[in-house]
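**Student:** So the protein lines, in turn, are chains A and B. The first sequence maps to residues 0 to 590 in numbering that gives the first Met the number 0. The second sequence maps to residues 0 to 331 in numbering that gives the first Met the number 0.
The hints are simulated quantities; they were obtained by calculation from the structure and are not laboratory data. Take the hints with a grain of salt, since some may be wrong.
[Stated by the list, open to error] Here are some chain A residues the structure puts well away from chain B; computed CB gaps all over 12 Å:
#1 K316
#2 V317
#3 P412
#4 A557
[Claimed, not checked] What follows is a set of in silico ranges between Cβ atoms, one per label pair, in the way DEER data are often shown:
#5 T161(B) <-> D98(A): 25 to 31 Å
#6 A149(B) <-> W105(A): 41 to 47 Å
#7 L312(B) <-> R149(A): 24 to 30 Å
[Unchecked claim] Beyond 10 Å from chain B on every Cβ pair, some chain A residues (computed):
#8 L218
#9 E283
#10 R294
Every value quoted in this text rests on a predicted model; they were computed, and no experiment measured them. Here a beta-carbon is modelled for each residue, glycine too, at the ideal position from N, C-alpha and C.
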Amino acid sequence: MARTDGTHLDDLRDGYRDGQTSDGQSSDGQPPAPPTRPAAAGGAAPLAPLEFLRYCWRQLTSMRTALFLLMLLAVAAVPGSTFPQENNNPSGVATWIADHPTAGPWVERLQGFHVYSSAWFSAIYLLLFISLVGCVLPRARVHLAALRARPPRTPTRLSRLPEHAEAEVAASPEQTLEAARAALRKRRFRLDVHAEAGGGSVAAERGHHRETGNLLFHLSLVGLLLAVAAGSLFSYSGQRLVTVGSGLVGTVGSWDSFSGGVWASADDVPPFSLTLDRMDVAFEAQQTTQIGEPRQFAADVSISDAPGEPVRKETIKVNHPAELDGTQISLSGNGYAPVITYRDGSGAVVKSGPVPFLPQTANYDSTGVVKLPDATDAAGEPVQVGLRGVFLPSATVDASGTPVSGFPDLANPLLIMVAFTGDLGLDDGVAQNVYELDDSRLTQVSDGEGRPFAIRLVPGQSLELPDGLGTVTFDSVERFASFDVRHTPGQREALVFALLAATGLILSLFVPRRRVWVRVRAVDGDPGASRLEVAGLARGNDAGLREEVEGVLAAVQAATAGAAAGSVPVRDDGEREHVDAGTGRTPEEGS
Amino acid sequence: MSIDENIAGLSNVLLYSAMTAYLGSMIGYAADLADGGKEIRSAGARREAAAAAAGGSPVLTKTRPEAPPRRRRAAAVGTSLFVLAALLHVGSVVARGVSVHRVPWGNMYEFALTGTCVVAIAYLIAVVRARRAGLGGGRDVRYLGLFVTAPVLATLGIALRTFYVDAAQLVPALDSYWLIIHVFVAILATALSTIGFSAVVLQLVQERREKRRAAGGDVRGGAFMDALPASVELERTAFRLQAVGFVMWTFTLIAGAVWAQVAWNRYWNWDSKEVWTFIIWVVYACYLHARSTRGWDGRRAAYLACLAFGCILFNYLVVNIFFPGLHSYAGV
Ligand code: HEM
Numbered sequence: 000m001a002r003t004d005g006t007h008l009d010d011l012r013d014g015y016r017d018g019q020t021s022d023g024q025s026s027d028g029q030p031p032a033p034p035t036r037p038a039a040a041g042g043a044a045p046l047a048p049l050e051f052l053r054y055c056w057r058q059l060t061s062m063r064t065a066l067f068l069l070m071l072l073a074v075a076a077v078p079g080s081t082f083p084q085e086n087n088n089p090s091g092v093a094t095w096i097a098d099h100p101t102a103g104p105w106v107e108r109l110q111g112f113h114v115y116s117s118a119w120f121s122a123i124y125l126l127l128f129i130s131l132v133g134c135v136l137p138r139a140r141v142h143l144a145a146l147r148a149r150p151p152r153t154p155t156r157l158s159r160l161p162e163h164a165e166a167e168v169a170a171s172p173e174q175t176l177e178a179a180r181a182a183l184r185k186r187r188f189r190l191d192v193h194a195e196a197g198g199g200s201v202a203a204e205r206g207h208h209r210e211t212g213n214l215l216f217h218l219s220l221v222g223l224l225l226a227v228a229a230g231s232l233f234s235y236s237g238q239r240l241v242t243v244g245s246g247l248v249g250t251v252g253s254w255d256s257f258s259g260g261v262w263a264s265a266d267d268v269p270p271f272s273l274t275l276d277r278m279d280v281a282f283e284a285q286q287t288t289q290i291g292e293p294r295q296f297a298a299d300v301s302i303s304d305a306p307g308e309p310v311r312k313e314t315i316k317v318n319h320p321a322e323l324d325g326t327q328i329s330l331s332g333n334g335y336a337p338v339i340t341y342r343d344g345s346g347a348v349v350k351s352g353p354v355p356f357l358p359q360t361a362n363y364d365s366t367g368v369v370k371l372p373d374a375t376d377a378a379g380e381p382v383q384v385g386l387r388g389v390f391l392p393s394a395t396v397d398a399s400g401t402p403v404s405g406f407p408d409l410a411n412p413l414l415i416m417v418a419f420t421g422d423l424g425l426d427d428g429v430a431q432n433v434y435e436l437d438d439s440r441l442t443q444v445s446d447g448e449g450r451p452f453a454i455r456l457v458p459g460q461s462l463e464l465p466d467g468l469g470t471v472t473f474d475s476v477e478r479f480a481s482f483d484v485r486h487t488p489g490q491r492e493a494l495v496f497a498l499l500a501a502t503g504l505i506l507s508l509f510v511p512r513r514r515v516w517v518r519v520r521a522v523d524g525d526p527g528a529s530r531l532e533v534a535g536l537a538r539g540n541d542a543g544l545r546e547e548v549e550g551v552l553a554a555v556q557a558a559t560a561g562a563a564a565g566s567v568p569v570r571d572d573g574e575r576e577h578v579d580a581g582t583g584r585t586p587e588e589g590s
Numbered sequence: 000m001s002i003d004e005n006i007a008g009l010s011n012v013l014l015y016s017a018m019t020a021y022l023g024s025m026i027g028y029a030a031d032l033a034d035g036g037k038e039i040r041s042a043g044a045r046r047e048a049a050a051a052a053a054g055g056s057p058v059l060t061k062t063r064p065e066a067p068p069r070r071r072r073a074a075a076v077g078t079s080l081f082v083l084a085a086l087l088h089v090g091s092v093v094a095r096g097v098s099v100h101r102v103p104w105g106n107m108y109e110f111a112l113t114g115t116c117v118v119a120i121a122y123l124i125a126v127v128r129a130r131r132a133g134l135g136g137g138r139d140v141r142y143l144g145l146f147v148t149a150p151v152l153a154t155l156g157i158a159l160r161t162f163y164v165d166a167a168q169l170v171p172a173l174d175s176y177w178l179i180i181h182v183f184v185a186i187l188a189t190a191l192s193t194i195g196f197s198a199v200v201l202q203l204v205q206e207r208r209e210k211r212r213a214a215g216g217d218v219r220g221g222a223f224m225d226a227l228p229a230s231v232e233l234e235r236t237a238f239r240l241q242a243v244g245f246v247m248w249t250f251t252l253i254a255g256a257v258w259a260q261v262a263w264n265r266y267w268n269w270d271s272k273e274v275w276t277f278i279i280w281v282v283y284a285c286y287l288h289a290r291s292t293r294g295w296d297g298r299r300a301a302y303l304a305c306l307a308f309g310c311i312l313f314n315y316l317v318v319n320i321f322f323p324g325l326h327s328y329a330g331v
């Protein structure tokens, strides 16, 4: 049979044949599909372009290609987990490139740092989905026809089917046929009764929704892909670090970062405002083996949907974001912001307020900078001052004598900084990272003996810088929270399609598709008795087929009971029945 | 809420007892398989001799063999000890949960503890159910006993040695009812895939023996394999387990995405663990596809199932510990 592998192997394997395979006519009456390899089989005549296209299409939509593309998809997904990815770890990408000067540019060229939006990954899944549609749509057409078709006629020799049982019952053939019809109907089979002289047969079929489920599964995957695609086109996200007492508004310009899909813009951000009232942070301090493990991060905020709208109090926690009109605000990080006051050489307060220091370790060893471009020195000359250092919430010293933090909470806060003067580079008009100091045009302030001037402060302390550069005061410590503002349209649709796919999958895997035939014959010379044969055929694995066949037989026997005593089912496969050919053991022979 | 260290200690004692019982059960099952192999070979020899004496070829007769049913004492001991072990194991899981006032699957150690418990229960259900109908072609599935106790013991051993952490409260990232759903479904999926993998390996070994025997070759060693069903039968059992496992993986992905939307503001981040769960899912889809693709069914599909299980191990043992990502699950 010239069948492509695009058809069900199960058809061949189990002899589950429709009109489509047994007589070369498809069940909807169309001529069979042309053989896979068109005219050019001999290799002499070149393929006509159209035929070539059809050949390619058939190849693309074959099961083998689908399998190949699926495997390719799995393989192609791997590098995205071994290389850092731009979308969730941009600093990791920069580090990786710096650490691998030869491989780095190559990985970059091969789009290894954004695997899931790379040309090759996209090509694989797009081809896969084209193949899927090309495979599933024709199947859907065939399936629609099959839903309306009648069960296939009863084969002549039922005893050749995989499951077969027979019995003699004490009822007329008509009564028996009717009982068989009723029994099959009760088991929710679709059926077709052929009454014949002296008996007849019933052809029955059930489990079409196995195929419905398969189609639902595959088509829902297409829906899922579209929902995800739409989501990424219209979604946006932004991040902002907020210290306690200050806030966040829906104006993208004020955020630390913003990125949006192709069709998303800053105007889509709702005009909300949020104030961080309190940051509640707790770490394990009791249980010795878990010291320092985080236990609670909660941000108490006041939110208003738009200017003039009422303000509501909410607590944003990990796993508990705030919702506003399709946009979600979640807590993505937290840390310390030492409150620092700087008086310049003239005694004027140039800066006073919390400065966020970004945590680098689990114990919140944090780094930060202070940029003071508009100071005046003791001589009245304008001067630019920069401070850079670490903040340790629970300062201690490690084995080498270096100050480190020993616990993430505030037990012994310490601020250690060094100072620079010169050009901070803020006047170039080039955007600068507020958490880094570009010291290329700065000179370090020294202590007069050639060593860097060290600023070590605990809360409440002040220190005067040398050279009339002013005074630094460490007033207190505040906390900050990082918020992630994100809008992902299509998520509800994606979930619906995913659940539909799961439903389809369950149907497709667990609905048994079976055909059962019953034949009733008159018994010679006894009008009150008939010979009953039941046979079954399943698509795929079907452990329940035997039970079904036996159940139908038993039901008919029960319905025709009365004089039916003594009609014991005769099986023709005694060896296969319960005794395993391998072990010669029956299930009852257990313990 | 504070941790109840006494109950946590009880959980560990129960687990050690359970492991001892599993060990006994494993020995029982191994003895049963060894017996079974011997018995079948001698029965086969008897039958051939009888057939030769009757002047016929050794065809399978339609009557049941005359030999009295073998009393599988060793298997019965194995199962009794297994039931005891499973009870102790359940006790250990419950005690762990009670001691920390939450579901006992908040880190890799607890994942292994609860996952193996699910495997054990699934096996017991299969034993009870298979005697009535269904799995394993309606026959005794105690032949799988050895292949369940061995991985359960190995997993528990590794978990205790490498992943053990003291009972503790959850970190905030995991403190969500989605932990209950998502991780539990993942445990079910892993458990089913593990039993399915055992069946696939048996299928492959059995198939090789059958091929060799059909070619007239000599099959040495592994006599117990003769006590197992034919490879076609094993393939079916494996498929049913993998099919249920695949559905569980699907729900793991869905529940994980819903949780990610809550926890990370985004339902899919291509985080390394998400990526690997996706890979597992796709490889299992390959396996299911392969079963319906001509030229790929049988042996080749079975290799894909093995590959998928390899990905599961990789996801659990390597990705959890060595790959940076948003999942803060490992707890080691
Ligand atoms: C996104 C990619 C795909 C995934 C994840 C996928 C997944 C699956 C799964 C899990 C099954 C098993 C369910 C069952 O046995 O009914 C299945 C079956 C099937 N798939 Fe796919 N599939 C994909 C693409 C395709 C493509 C491209 C084709 C066509 C070439 C295809 C054709 C089929 C067919 C015909 C079956 C039914 C086999 C049978 O009835 O035994 N699938 N698919």
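**Student:** Evaluate each hint against the coordinates.
**Tutor:** Taking the hints in turn, this is what the structure says about them:
1. A Cβ of chain B approaches the Cβ of K316(A) within 12 Å, the least distance being about 7 Å, so the stated non-interface status is violated.
2. A beta-carbon of chain B is positioned within 12 Å of the beta-carbon of V317(A); the least distance is around 4 Å.
3. The beta carbon of P412(A) is kept farther than 12 Å from every beta carbon of chain B, the shortest such distance being approximately 23 Å.
4. Interface exclusion of A557(A) from chain B stands, the closest Cβ pair being 20 Å apart, more than 12 Å.
5. The beta-carbon spacing between T161(B) and D98(A), approximately 29 Å, falls within the hinted interval of 25 to 31 Å.
6. Separation of A149(B) from W105(A) is about 45 Å and conforms to the stated range, judged on CB atoms against 41 to 47 Å.
7. Distance hint for L312(B) and R149(A): a CB-CB separation of about 50 Å, inconsistent with the stated range 24 to 30 Å.
8. Against chain B, the non-interface label of L218(A) holds: every CB pair exceeds 10 Å, the least being about 15 Å.
9. Remark: the non-interface label on E283(A) conflicts with the geometry, its nearest Cβ contact in chain B lying 7 Å away (cut-off 10 Å).
10. Interface exclusion of R294(A) from chain B breaks down, the closest Cβ pair being 6 Å apart, not more than 10 Å.
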